[in-house]
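> The whole structure should be built from the sequences, with the hints applied where relevant.
Spelled out, the chains give:
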Amino acid sequence: MNTELVLFYTASAAALFATVMTITRLNAAHALLYLIASLLAVAVLFYLMGAPFAAGLEVIIYAGAIMVLFVFVIMMLNMGSATVEQERQWLNFGIWIGPGIICLILLAEVLTLLVDNQRLSGARMVTPKDVGSLLFGPYLLAVELASMLLLSGLVGAYHLARPLNEREEEVPPEVEDQ
Amino acid sequence: MSLYGQVGSIASIVGILLAAVLTASMLTWLERRLLGIWQDRYGPNRVGPFGLLQVVADMIKIFAKQDWIPPFADKAVFVIAPAIIMVCMLMAFAVIPVAPGIGVADPHVGLLFFLAMTALAAYSVLLGGYASNSKYALLGALRSAAQMVSYEVFMGIGLMGVVLVAGSFNLREIVNAQSDGWFIIPQFVGFFVFLIAGIAESHRLPFDLPEAEHEIVAGFHTEYSSMKFGMFFIGEYLGVALISAMIVTLYFGGWLGPVLPPIVWFCLKTFIFICFFILLRAAIPRPRYDQLMSFGWKLMLPVALINLLLTGGVMLWIG
Numbered sequence: 001m002n003t004e005l006v007l008f009y010t011a012s013a014a015a016l017f018a019t020v021m022t023i024t025r026l027n028a029a030h031a032l033l034y035l036i037a038s039l040l041a042v043a044v045l046f047y048l049m050g051a052p053f054a055a056g057l058e059v060i061i062y063a064g065a066i067m068v069l070f071v072f073v074i075m076m077l078n079m080g081s082a083t084v085e086q087e088r089q090w091l092n093f094g095i096w097i098g099p100g101i102i103c104l105i106l107l108a109e110v111l112t113l114l115v116d117n118q119r120l121s122g123a124r125m126v127t128p129k130d131v132g133s134l135l136f137g138p139y140l141l142a143v144e145l146a147s148m149l150l151l152s153g154l155v156g157a158y159h160l161a162r163p164l165n166e167r168e169e170e171v172p173p174e175v176e177d178q
Numbered sequence: 001m002s003l004y005g006q007v008g009s010i011a012s013i014v015g016i017l018l019a020a021v022l023t024a025s026m027l028t029w030l031e032r033r034l035l036g037i038w039q040d041r042y043g044p045n046r047v048g049p050f051g052l053l054q055v056v057a058d059m060i061k062i063f064a065k066q067d068w069i070p071p072f073a074d075k076a077v078f079v080i081a082p083a084i085i086m087v088c089m090l091m092a093f094a095v096i097p098v099a100p101g102i103g104v105a106d107p108h109v110g111l112l113f114f115l116a117m118t119a120l121a122a123y124s125v126l127l128g129g130y131a132s133n134s135k136y137a138l139l140g141a142l143r144s145a146a147q148m149v150s151y152e153v154f155m156g157i158g159l160m161g162v163v164l165v166a167g168s169f170n171l172r173e174i175v176n177a178q179s180d181g182w183f184i185i186p187q188f189v190g191f192f193v194f195l196i197a198g199i200a201e202s203h204r205l206p207f208d209l210p211e212a213e214h215e216i217v218a219g220f221h222t223e224y225s226s227m228k229f230g231m232f233f234i235g236e237y238l239g240v241a242l243i244s245a246m247i248v249t250l251y252f253g254g255w256l257g258p259v260l261p262p263i264v265w266f267c268l269k270t271f272i273f274i275c276f277f278i279l280l281r282a283a284i285p286r287p288r289y290d291q292l293m294s295f296g297w298k299l300m301l302p303v304a305l306i307n308l309l310l311t312g313g314v315m316l317w318i319g
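Residue numbers (the working numbering), protein chains in the order written: chain Y, 1 to 178; chain H, 1 to 319.
Be a bit skeptical, because a hint or two may be false.
As the list claims (entries may be wrong) - Cross-link-like lysine to aspartate or glutamate pairs, in silico, DMTMM-like; alpha carbons within 25 Å at most:
| hint | chain 1 | residue 1 | chain 2 | residue 2 |
| --- | --- | --- | --- | --- |
| 1 | Y | K129 | Y | E144 |
| 2 | H | K61 | H | D106 |
| 3 | Y | K129 | H | D290 |
| 4 | Y | K129 | H | E173 |
| 5 | Y | K129 | Y | D116 |
| 6 | H | K135 | H | E31 |
| 7 | Y | K129 | H | D106 |
| 8 | H | K135 | H | D290 |
| 9 | H | K65 | H | D106 |
Unchecked claim - Footprint (simulated), chain H over chain Y, 3 or more residues, beta carbon under 8 Å:
| hint | segment |
| --- | --- |
| 10 | 54 to 63 |
| 11 | 139 to 148 |
These are calculated hints, taken from the structure and not from any lab test.
The C-beta atom is built at its ideal place from N, Cα and C for all residues, glycine as well.
Shown next as structure tokens:
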């Protein structure tokens, strides 16, 4: 068995295991850490398949930005509530061994990949330029639709986050008097 | 090429790793000495010549401290968190093109790899604050999560200008594309955006709100002691060295320069930017947290987007 296949199957196994653990965890914080490990495993798979651009975006956007916000929300919800005590009872050392080992395996794989610059035999190399010309060529309509969806999210977030004194029609009169 | 050996040789890997860690630990001394000079005092000058052995003294002290894990902490995450920043920063050094033939790796998407590693480094601070289970640490971690996620956006958009001009994500090709002129000239606005985002990413002063000691004790590392604190500390200096090396690679021609050998040019330029980071600390006071965030979204984002639009337009016009 050649190196690419070994790398592929270990990364796949790591992704599958991490995803199963994400689903079966009772605690949201544990589930999130497994989900991050799973996303990193998928990024290694993308790299192996000759799509380094997709692999980079997977880490930067999913693992590096979206999941950070998820952890952020979990931290906010834990503040000052009775769940802190409950969570603390659930958090034991054994829980963290799993994600740690998975991340170590992936780290070793990424190091090997970086040094050898290997990818799966038979897979075609997809450069960032190819991705760009596909997105803004045949798939232009999908890109525009996605951007409209994001814009509506942005407008909604702006409305919710406006300072209260700018939303006069929603403020009861007694609050204004104070 | 053959004169310097090959990218990814054992000598390169060990050399760059050692150089990165040594630079980061020497920076603890350099920073205090330079701050001393700029603030008209001595700084640490007692141990060894010019106080150079202060680093060793600090090291012995930090190892001898009690390695205390608070009983209320989430123990495993508490232990893992400082390691994440060290690993991510050292991994990012792997793609830095030090000189022709010297470097750990040369992937097609080196710039994306750098962005990915700085993005993952945010977890160190976030998990450190979460696992400490104390109010100040939590406040520091919340600030840092918001700050790092926001400034990553501008950093990415600012860097796209360089990618457009060079036509590649590969850092070696970006350096080679600068042989006719450094990108600081066509990409001055991009450089400005990247510099500010870089300071915010490595949460250095003036953007060190996650650990601002006048309001939240020591922020996310309030509960850390001994070598675990040391790893956060060295990780931050690794970040400073990394951002300096990236500024040199992307905007100041990397190893390019007359007369002196390439590696000397690279180290010299990087050193200048490290000193600039320290000068910023001596010169500029902290903004308020809301000022930092509104500065990012209201000024940096439009500037980065306009820079991208104009660069794209000019590149299309030139053809």
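> All the hints need checking, so say for each whether the structure fits it.
Against the structure, the hints come out as follows:
1. K129/Y - E144/Y: holds (19 Å)
2. K61/H - D106/H: violated (39 Å)
3. K129/Y - D290/H: violated (38 Å)
4. K129/Y - E173/H: Roughly 15 Å between the alpha carbons, so the hint for K129/Y and E173/H holds.
5. K129/Y - D116/Y: holds (23 Å)
6. K135/H - E31/H: Given pair K135/H, E31/H is violated - Cα atoms ~30 Å apart, limit 25 Å.
7. K129/Y - D106/H: With Cα atoms ~18 Å apart, K129/Y and D106/H stay inside 25 Å; holds.
8. K135/H - D290/H: Roughly 19 Å separates the two Cα atoms, so the pair holds.
9. K65/H - D106/H: violated (40 Å)
10. 54 to 63: Three-residue rule met by the segment 54 to 63 of chain Y, so holds; n is 6.
11. 139 to 148: It is violated, with 0 qualifying residues against the three required.
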